[in-house]
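Each chain, letter by letter, is given below.
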Amino acid sequence: MIRSLLLAASVLALAPAALAQTIAITGGKIVTNTPQGVIDSGTIVFRDGKVVSVGTAAPPTGATVIDAKGKWITPGLFAAFSRVGLSELDSEDPTNDTSASGSDFQASLRASDSFNPDDTAIDVTRIEGFTRAAIVGAPGKGLFGGYGAIVDTSGAFGSINNRDVFMFARMGEAGAGAAGGSRAAAWNWLLTAIDDAKAYPRGFEDDGEGDLLVRKEAVALKPVVEGRVPLMVEVHNASDILQLLSLRQREPRIRLVILGATEGWRVADQIAAAQVPVIVNPLQNLPDRFEVLAATLENAGRLEKAGVTVAIADPNEGTHNTRFILQLAGNAVANGMTWDAAFKAISSVPAALYGRTDLGVLRQGAIADLVIWDGDPLELTSNPDAVYIDGLPTSMESRQTKLRDRYLKLDEPLPQAYERQ
Amino acid sequence: MQVWKLIPLVALVASACATTPIDTSTDGSTTSQASEPVKAMPRRVAYNADPYPSTYKPLPSDDVLIRNATVYDGLGGEIKGGAVLIQGGKITAVGSEAAMTMPAGIKTIDATGKFVTPGIIDIHSHLGAYPSPGIGAHQDGNEVSAPVTAEVWVEHSIWPQDPGFTRAMAGGVTAMQILPGSANLFGGRGVIIKAVPATTAQGMKFPGAPYTLKMACGENPKRVYGYGGGRFPGGAPFSRMGNVAGYREAWQRAVEYKRKWDKYNADFDAWEKKVKSPAPKTDDKGPGDPPNAPDRNLELDTLMGVLNGEILVQQHCYRADEMAQIIDLSKEFGYKVSAFHHGVEAYKVAGLLAANGICGALWADWWGFKAEAYDGIRENIPMVHNATGGCAIVHSDDANGIQRLNQEAAKALADGRRVGIDISNAVAWTWLSRNPAKALGILDKTGTLESGKAADVVIWSGDPFSVYTRADIVFVDGAVTWDRSNEARRPVTDFELGQPGEGDVK
Numbered sequence: 001m002i003r004s005l006l007l008a009a010s011v012l013a014l015a016p017a018a019l020a021q022t023i024a025i026t027g028g029k030i031v032t033n034t035p036q037g038v039i040d041s042g043t044i045v046f047r048d049g050k051v052v053s054v055g056t057a058a059p060p061t062g063a064t065v066i067d068a069k070g071k072w073i074t075p076g077l078f079a080a081f082s083r084v085g086l087s088e089l090d091s092e093d094p095t096n097d098t099s100a101s102g103s104d105f106q107a108s109l110r111a112s113d114s115f116n117p118d119d120t121a122i123d124v125t126r127i128e129g130f131t132r133a134a135i136v137g138a139p140g141k142g143l144f145g146g147y148g149a150i151v152d153t154s155g156a157f158g159s160i161n162n163r164d165v166f167m168f169a170r171m172g173e174a175g176a177g178a179a180g181g182s183r184a185a186a187w188n189w190l191l192t193a194i195d196d197a198k199a200y201p202r203g204f205e206d207d208g209e210g211d212l213l214v215r216k217e218a219v220a221l222k223p224v225v226e227g228r229v230p231l232m233v234e235v236h237n238a239s240d241i242l243q244l245l246s247l248r249q250r251e252p253r254i255r256l257v258i259l260g261a262t263e264g265w266r267v268a269d270q271i272a273a274a275q276v277p278v279i280v281n282p283l284q285n286l287p288d289r290f291e292v293l294a295a296t297l298e299n300a301g302r303l304e305k306a307g308v309t310v311a312i313a314d315p316n317e318g319t320h321n322t323r324f325i326l327q328l329a330g331n332a333v334a335n336g337m338t339w340d341a342a343f344k345a346i347s348s349v350p351a352a353l354y355g356r357t358d359l360g361v362l363r364q365g366a367i368a369d370l371v372i373w374d375g376d377p378l379e380l381t382s383n384p385d386a387v388y389i390d391g392l393p394t395s396m397e398s399r400q401t402k403l404r405d406r407y408l409k410l411d412e413p414l415p416q417a418y419e420r421q
Numbered sequence: 001m002q003v004w005k006l007i008p009l010v011a012l013v014a015s016a017c018a019t020t021p022i023d024t025s026t027d028g029s030t031t032s033q034a035s036e037p038v039k040a041m042p043r044r045v046a047y048n049a050d051p052y053p054s055t056y057k058p059l060p061s062d063d064v065l066i067r068n069a070t071v072y073d074g075l076g077g078e079i080k081g082g083a084v085l086i087q088g089g090k091i092t093a094v095g096s097e098a099a100m101t102m103p104a105g106i107k108t109i110d111a112t113g114k115f116v117t118p119g120i121i122d123i124h125s126h127l128g129a130y131p132s133p134g135i136g137a138h139q140d141g142n143e144v145s146a147p148v149t150a151e152v153w154v155e156h157s158i159w160p161q162d163p164g165f166t167r168a169m170a171g172g173v174t175a176m177q178i179l180p181g182s183a184n185l186f187g188g189r190g191v192i193i194k195a196v197p198a199t200t201a202q203g204m205k206f207p208g209a210p211y212t213l214k215m216a217c218g219e220n221p222k223r224v225y226g227y228g229g230g231r232f233p234g235g236a237p238f239s240r241m242g243n244v245a246g247y248r249e250a251w252q253r254a255v256e257y258k259r260k261w262d263k264y265n266a267d268f269d270a271w272e273k274k275v276k277s278p279a280p281k282t283d284d285k286g287p288g289d290p291p292n293a294p295d296r297n298l299e300l301d302t303l304m305g306v307l308n309g310e311i312l313v314q315q316h317c318y319r320a321d322e323m324a325q326i327i328d329l330s331k332e333f334g335y336k337v338s339a340f341h342h343g344v345e346a347y348k349v350a351g352l353l354a355a356n357g358i359c360g361a362l363w364a365d366w367w368g369f370k371a372e373a374y375d376g377i378r379e380n381i382p383m384v385h386n387a388t389g390g391c392a393i394v395h396s397d398d399a400n401g402i403q404r405l406n407q408e409a410a411k412a413l414a415d416g417r418r419v420g421i422d423i424s425n426a427v428a429w430t431w432l433s434r435n436p437a438k439a440l441g442i443l444d445k446t447g448t449l450e451s452g453k454a455a456d457v458v459i460w461s462g463d464p465f466s467v468y469t470r471a472d473i474v475f476v477d478g479a480v481t482w483d484r485s486n487e488a489r490r491p492v493t494d495f496e497l498g499q500p501g502e503g504d505v506k
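As you go down the protein sequences, you meet chains A and B in turn.
Per this note's numbering, the first sequence starts with residue 1, numbered consecutively.
Per this note's numbering, the second sequence starts with residue 1, numbered consecutively.
A few of these clues could be false.
The calculated BS3-like cross-link candidates involving lysine-lysine, where the alpha carbons are at most 27 Å apart (straight line), are [stated by the list, open to error]: (1) B/Lys-57 - B/Lys-80; (2) A/Lys-69 - A/Lys-141; (3) B/Lys-57 - A/Lys-402; (4) B/Lys-274 - B/Lys-285; (5) A/Lys-141 - B/Lys-260; (6) B/Lys-273 - A/Lys-305; (7) A/Lys-69 - A/Lys-50; (8) B/Lys-80 - B/Lys-90; (9) B/Lys-260 - B/Lys-273.
In short, the hints are calculated from the structure, not lab data.
Computed from a predicted model, the values in this text were never measured in an experiment.
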């Protein structure tokens, strides 16, 4: 059923006129991420890339109907933190644009300028159910990693959806090292950069430089200090988190997002009171640095209970195995997070974090990014049968599936190089 | 004519597994204990093959019957409503409780709704050598002073207080191989340990397990040395052909070293025979002096152990073409590769590995972090398994991954099924215990639930291939090493004492 639909749909994708077609997926268990909750056997209708309806009504006449009985239908997954599209081979510098340690500019670097829609990891990520990702570079020197972007995983040339949606900075042990060797130096760096940006342009009239930043970097940070885009700060240690939260008194306009928050459970009430969202790796349970000695598998669940807005991703991963976020969410559930919160943490929560409330949810008017799964999406043994982006079915092939298919049958008469798909 | 007093010989060659106490001189060799006037019979020069012996003792245990469980026996079988009987630290029965005889009043654990499996064996870990926290002082996994360091033994780097050991235990791991890193062509000896807390590395060593040798292919050795940017000694290898030349040069030296020792032992045998059966009295010459032993070389001791079939080669290798080269290398010098580790392209040569009896110790889905990992696919493990005679192993190489190897197996299993490689859950469990035990030479002791084997057993809260399942109770040699519901059996390392989060759920 699915296969025949996909064939029809791929034809549809080639014919713009067919965009006007209405598609209805029926009989599946629909996770809406809205007050409608989970609909056990529902129908979702979409047209022109937008969701028309979600519920239990019969599909409209004239719609192309896809039977998804026994399947799960969810919004497309949204990677809260990723570097997909920024590196083809991590160890090969010419292919790796995740950071620029040789550049004098850092805050003014934009991940969207490095994004490569042909990166093979994009297909690999999409066929596991991810339709969107927030991507950003790593700090090459100093604290700032530059501007993050929202991309879709279609692999199309136009797949950068939103540029410059958040600024990334790294504090804690890594920030201390980058700022000259101590947390005091990092904190001083951050505040000075903020002050320079606030003072721009007036403070730059004499010599074109602030106390720390050159003009270009100050311009880049201006939207951050004015609260127009969030500042995502990677920080793990409980006291480092509190220090960061104290910035709220000094700079009430800055909108903070915490990446990491490995010891967040120790100061969960303070994070919740400050209404600062966090992006955590729920599997971080090793004291692999002195700033994460209190790491526990229960961090995500404890943060949820305290009322913190939690998204899930791995700050250390992201170029090739963004898909690992799914496994992180499942393990969060195994360690005390609710299924609902864990699923939202990889879909609607990150979407909203970056202002995309039209993604990560299945409701009328939302973007029709959705995935048909053969089971509970958080289960290790489940896989997507189909992935839709903007209402269009996408290819379920990747360079990996092509390699697999080439070698599934060994002992062919001709070398594999003649195997064309 | 020299008079030799015949005294019992403790025939120990350098590569023999020493279980008999021997007296050693300060250089570590056994020597003659001269006494006048009759000169003592010189002993054969030989070296203790086990100078850092295991002091592991199983933790105290009770006999116990685990009942009403779904059992994956590690041989590929599944028993619903099954039981596992543990007595004296050993498995004494597996199967139907009704068919078992046991003492009245034996302790029982009702495992209704739960699953029981052999303990997970991770064939590729660096715990203790690259411990948490990963500070500079703890970087003990690569001896980057030269590309050939077969003389180093990773057990001398193991820090038993690595909190990673307790995390691995919580993940259902009961034994693991600790390996040196992959910077070197010959990284040194690996060691097999039990997943138990101890104050010394010797206290964790798996009794009776063989030694192993870590070797590495590909990008790492040439990057560290040839292109090390001055950080390391530099020089060869700069290339993959340099890698192979480096292996061959070392193996050739090992062949010659072994020849010297074989000759020495043969000459000593002949001399000893002459001593024991003196020539006719008319011949005044006698047996003469015993032959001189070759100088000892610690690096070549390890390589000779491989050539003698006593040390198992664990070969880090990503690319299919390099695995084929290594197989030919092993045939050129007359040894066997036990397992290819990482083998991201093993699926391309699954038949070749199977035909040569070599296991693939693999990740479920790591790829792309370097060129030799570019062709990684999610079906690698099931495709290696699927070759006739194929032997797949799920490995971690990672302090996080070791905590959920069952989850990695689950992903591989599901991906295999989606392309028609239909493997049962019970058969997939062989990737986690039996196959690694085989490639480590400890399958006679652990790795399956069979009567007479060590009771290395895990009770899971549910199907271990579900993401929602956790290890409830872990047994090593019948003793509870980890119990999720009992704080008293959730070990806390010295390092974590007095730290934030001490004793928390980890």
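Violations among the numbered hints, reported as their numbers in ascending order: 1, 2, 3, 5, 6
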